[in-house]
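Mind docking chain B on chain A? Use the hints.
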Amino acid sequence: MRRSAFRRSRGDGPFRFASTGAGVVLLAIMAAIGVFLVVKAVPALQANTSHFLTELTWQPNATKPVFGIAALAFGTVLSSLLALLIATPVAIGVALFISHYAPRRLASVLGYVVDLLAAVPSVVYGLWGVTFLVPFMLGPSKFLNDYLGWIPLFGGDTVVGKSMLTASLVLAIMILPIIAAISREVFLQAPKMQEEAALALGATRWEMIRMSVLPFGRPGVISAAMLGLGRAMGETIAVALIFPATFKISFQILGPSGNSIAANIANGFGEATEVGRGALIASGLVLFVITLLVNMGARFVIARRKEYARAAA
Amino acid sequence: MTVQTGIQPISAARRAKDRFVQVLVYLAFALAVIPLLSVLWLVVKNGMGRFDMEFLTHSMRNIGARDAGGGAYHAIVGTLEQVLLASLIAVPIGLLTAVYLVEYGEGGRLSRTISFFVDVMTGVPSVVSGLFVLAFWILVLGMPFSGFAGALALSILMMPVVVRSAEEMLRLVPRELREASYALGVPKWRTIVKVVLPTAFTGIVTGVMLAVARVAGETAPLLLTVFITDSINVDPFNGPQMGLPLYVFDQAGRPTDTAIDRAWTGALTLILIVMLLNLVARLITWWRSPARRR
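Top line first, the protein sequences correspond to chains A and B. Quick note: our numbering has the first sequence finishing at residue 313, numbered continuously throughout. Quick note: our numbering has the second sequence finishing at residue 1294, numbered continuously throughout.
Bound-form chain A, shown alone (with noise of 0.2 Å):
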């Protein structure tokens, strides 16, 4: 049909032209993206005096520049598995309550509700983070500490409502919407016939949830996670305003340590030399690149179910 015998028009050339030259537009804006990173990341990676994936410190400004990003890199993967490790189950519930748990008539209001927390500007969650969240996690992290303190996670001497495990919270707040939002898509489009045959065969509703719907809905579960896990990596004022902006790797989520690559480009732009924001850009390089990988596998997860295609949108 799309090929019609009709006679072509004189404008249909240009149009055409027009529509596939935003479309490579767009294919050259992501290429451009990282060519001029690279541009400018080199000069000041080859002023560097130290390893650059493996040095910790963070003094790109020094006359002689030593930076690496290695706990920036630490910082943004632990933050973001760990506020992904809080987010997914609660989303997943979210997403069940909606397509399977609330009255009809509610479910699409509720659904915009949950919808408005990815609306709410991320400056604003670090605002609240950073007034609100910081003095109130410092009893649940005592508590943490005191009673939970052999596991190493939750361990050390110090305890501080600036820390990693706080930066995480805000950060699962922000990716819970996407998450619950794909889930949500997936699971209403779970196979009717398969839930109405459980149910018939006499099935409660959960078996029939664990029967039909979660089988069903698992790969788009996962990239809507990996999705999300993509977010949080790239998510920066809200984690700048809460992370203690320090440059060391540690494992204990509650003590005053904690950054990410994104958090340290906003907070380090400010004061950066030359060399420095070549620095700040390497690790913007760094931080691309991983997100792209990320995203890309999310999007290859669901790009072999056909079926998701639209709720991945």
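Hints in this document: simulated from the structure, not taken from any laboratory. Among the hints, erroneous ones may be present.
What the hints assert, rightly or not - The list that follows gives simulated cross-link-like pairs (lysine to aspartate or glutamate, DMTMM-like), each with its CA atoms no further than 25 Å apart:
1) B:Lys1194 / B:Glu1106
2) B:Lys1045 / A:Glu274
3) B:Lys1045 / B:Glu1179
4) B:Lys1194 / B:Glu1168
5) A:Lys248 / A:Asp12
6) A:Lys64 / A:Glu274
7) B:Lys1194 / A:Asp12
8) B:Lys1017 / A:Asp12
9) A:Lys192 / B:Asp1261
10) A:Lys248 / A:Asp157
11) B:Lys1045 / B:Asp1257
12) B:Lys1017 / A:Glu207
13) A:Lys142 / A:Asp157
14) A:Lys64 / A:Glu271
15) B:Lys1017 / A:Glu274
16) B:Lys1194 / B:Glu1103
17) B:Lys1194 / B:Glu1179
18) A:Lys248 / A:Glu271
Relative to the frame of chain A, chain B by itself:
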């Protein structure tokens, strides 16, 4: 579930398990709503204090470190200009790309590549788009920090959102409409411009507004491209500007209580703008297509 088979009642253990999961699911939803309520409550409570005419009509020029007063006029003006410019760049490119994907792509390799990278582009961290504009526009081309540079960074974040929503709307346009137009001898491009786009118009507007709402709250890219100023600068092409998210970040980082108060009020103003955009967008979809409601 009510399954009256008269064979055997569901055993107590299975019923208990079912109840238990139900409680967990309800709890998960409550858990998700608590932070939202907490954020909104604190923003309204702390933000109302300084939500006055001075805040909306004055900048931070000549406001000392410890002084009360001052406002976000410069930031509001900056945000409006930056978001408008970003939309002017992102909407045409995004819309045309969507047209390509739906009308011309025909499932070929280029269209599949573009489609894939649009998805990947939605995952580009906002701080990376800021770094890109910093590297390309400011460091390589030697342009100044400006509102326009910020708009460039925001437009990169907007494009994939516009493409995806517009694409979905264009696919909803019934094929019969196109075929009727072709049958009347209307060329393809005029069919798109006169039939397809007008049919999908409200849906596209909704998508654009959601995209605008998304980027209006972005801070990180502005920090790297617009820089920070306390004065009013209405020219988005020259010199540092301010943006509302940036204003909140800047004030939140200052150590005095008066600054924190201003940060809360800035946050309130920002949330009002973003929520308004969201609400209007949702209302448009709601009115247009009651059948699509779930």
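Hints, one by one, checked against the model:
no., hint, verdict
1, B:Lys1194 / B:Glu1106, "21 Å, holds"
2, B:Lys1045 / A:Glu274, "42 Å, violated"
3, B:Lys1045 / B:Glu1179, "56 Å, violated"
4, B:Lys1194 / B:Glu1168, "18 Å, holds"
5, A:Lys248 / A:Asp12, "60 Å, violated"
6, A:Lys64 / A:Glu274, "13 Å, holds"
7, B:Lys1194 / A:Asp12, "13 Å, holds"
8, B:Lys1017 / A:Asp12, "63 Å, violated"
9, A:Lys192 / B:Asp1261, "52 Å, violated"
10, A:Lys248 / A:Asp157, "16 Å, holds"
11, B:Lys1045 / B:Asp1257, "15 Å, holds"
12, B:Lys1017 / A:Glu207, "9 Å, holds"
13, A:Lys142 / A:Asp157, "10 Å, holds"
14, A:Lys64 / A:Glu271, "16 Å, holds"
15, B:Lys1017 / A:Glu274, "62 Å, violated"
16, B:Lys1194 / B:Glu1103, "14 Å, holds"
17, B:Lys1194 / B:Glu1179, "13 Å, holds"
18, A:Lys248 / A:Glu271, "21 Å, holds"
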